[in-house]
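Protein sequence lines correspond, in order, to chains A and B. First residue of the first sequence: 1, per the UniProt record's numbering; consecutive thereafter. First residue of the second sequence: 1, per the UniProt record's numbering; consecutive thereafter.
Everything labelled a hint here was simulated from the structure, so no lab data went into it. Be careful, since some hints might not be right.
Claimed, not checked - Cross-link-like lysine to aspartate or glutamate pairs, in silico, DMTMM-like; alpha carbons within 20 Å at most: (1) 345(B) - 84(A); (2) 89(A) - 30(B); (3) 345(B) - 289(B); (4) 345(B) - 48(A); (5) 345(B) - 47(A); (6) 75(B) - 263(B); (7) 11(B) - 212(B); (8) 16(B) - 34(A); (9) 11(B) - 34(A); (10) 89(A) - 37(B); (11) 321(B) - 85(A); (12) 274(B) - 72(B); (13) 321(B) - 86(A); (14) 345(B) - 34(A); (15) 321(B) - 48(A); (16) 345(B) - 44(A); (17) 321(B) - 88(A); (18) 321(B) - 84(A); (19) 274(B) - 251(B); (20) 67(B) - 104(B); (21) 345(B) - 53(A); (22) 345(B) - 67(A).
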Amino acid sequence: MNIPSDLKYTKDHEWVKIEGDVATIGITDFAQGELGDIVYVEVETLDETLDAEEIFGTVEAVKTVSDLFLPLSGEIIEFNEALEDEPEKVNSDPYGDGWMIKVKCSDMSQTEALMSADDYKALIGA
Amino acid sequence: MKNTALTTTHKALGAKIVPFAGYNMPVQYEGVNIEHETVRKAVGMFDVSHMGEFLIEGEHALELIQKISSNDASKLTIGKAQYSCLPNDDGGIVDDLIIYKLKEEQYLLVVNAGNIEKDWNWITSKNDVGANMRDLSEDYSLLAIQGPKAIEAMQSLTSHDLSEIKFYNFVVGDFAGIDYVIISATGYTGSGGFEIYCKNSEVKQIWDKVLEAGADFGIKPIGLAARDTLRLEMGYCLYGNDIDDTTSPIEAGLGWITKFTKDFTNSEALKAEKEHGSQRKLIAFELDERGIPRHGYDIVDGNGKTIGVVTSGTMSPSLGKGIGLGYVPTVFAEVNSKINIQIRKNAVPATVIKLPFYK
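Could you put the whole structure together from the sequences, leaning on the hints where they help?
Structural data, given as structure tokens:
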């Protein structure tokens, strides 16, 4: 199970990479494995400003649909459009080419609530 | 939760196991898309031992079957199988099933796992003719070996010429070192192949020998997730989704297994429905735009008014687009009709098509 130590995590199995006030967000290796073959990533919240815990998109595997929850309040400034044609990148490279959105955070103090790699590892029992 | 005789085998192969119809079943091994493609292009094997098997025998066996079954079992000869359904008294369907004529006065009914108890009670309640009934579900296993290379890959395992067994025919004979199994040219994938019925004590040997014999042909074990995408690409109904206690066989497009050559449960009403036309119909549709229809999503008209419901939907691995089945009023059911599928907050345009999706 790949859980990079330089990323932050959520209980919803998302990873967060913070650079300045911009957070890049995707789903974890564990999450993609549980979902199975991902066939569609839908993000219709580009340019919208959402609160933490709001739904920013949906990831569809062959058998299931899962909502994607925004871990940090802010504006959705970028969607990884490569996923429109190649959603399977979320399976093959969840922390790299499979990233989903970038958020301009409005409240950096929220990052303190995110989990470390060790905490996330404990959560999933890896 | 019950196990099949192969549950530990599936776990050892790395399958993801999920509860399904009361059984721990393998939903996928390697991944649904690769498993789907394996069946379409080569050969794959499914453990579908959760399915139920009833033996009906004796001099009144056919009489009972004709009462409960919509299809005409008098047309069966030994070695032939027939797809059918069990209508209920209220216009709906108790279950869909396959009926095998094993011998004179001996038939095997293969029913859905989730309906074993319901079907048993239903058939028992209709058995006022004194047919003998036995539930073999707990004793028998079922493997489906499906795909265009199934015949070639499996021929070394039997003395019977597999290419001689026609669709919906079967032989009782030797397979993979077991003397008597049912080798049936049936399946739920649309890619050809066989289903093998054997005793639980025999299934591990057969499973292993099939994987061995199929190795050169690229055989893989296939989970229930791919079974669902494969059947949906053909438009085969799934009980509990596309047909149930409230859907009639006529509106579900199962008129071809509803034969009014004899009386059966609710046949008068179904005959009238067939003559006058159904109010609604089960349609097959493809999305015109990106998106994936799912069971339970609303079907809406151009004004956003709900006109029906999706009963099955998926992203078709073969076609790369969203496909589904659902009920709409007959006026919307013509091929090429335009409908919309309500996917979250979007009404995504879709077109009614003629089955199958995958040709």
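Against the structure, the hints come out as follows:
no.: 1; hint: 345(B) - 84(A); verdict: holds (19 Å)
no.: 2; hint: 89(A) - 30(B); verdict: holds (16 Å)
no.: 3; hint: 345(B) - 289(B); verdict: holds (15 Å)
no.: 4; hint: 345(B) - 48(A); verdict: holds (16 Å)
no.: 5; hint: 345(B) - 47(A); verdict: holds (18 Å)
no.: 6; hint: 75(B) - 263(B); verdict: holds (15 Å)
no.: 7; hint: 11(B) - 212(B); verdict: holds (18 Å)
no.: 8; hint: 16(B) - 34(A); verdict: holds (9 Å)
no.: 9; hint: 11(B) - 34(A); verdict: holds (16 Å)
no.: 10; hint: 89(A) - 37(B); verdict: holds (19 Å)
no.: 11; hint: 321(B) - 85(A); verdict: holds (12 Å)
no.: 12; hint: 274(B) - 72(B); verdict: holds (17 Å)
no.: 13; hint: 321(B) - 86(A); verdict: holds (13 Å)
no.: 14; hint: 345(B) - 34(A); verdict: violated (26 Å)
no.: 15; hint: 321(B) - 48(A); verdict: violated (28 Å)
no.: 16; hint: 345(B) - 44(A); verdict: holds (10 Å)
no.: 17; hint: 321(B) - 88(A); verdict: holds (15 Å)
no.: 18; hint: 321(B) - 84(A); verdict: holds (13 Å)
no.: 19; hint: 274(B) - 251(B); verdict: holds (9 Å)
no.: 20; hint: 67(B) - 104(B); verdict: holds (18 Å)
no.: 21; hint: 345(B) - 53(A); verdict: holds (19 Å)
no.: 22; hint: 345(B) - 67(A); verdict: holds (13 Å)
Hint violations for this structure: numbers 14, 15, all remaining hints satisfied.
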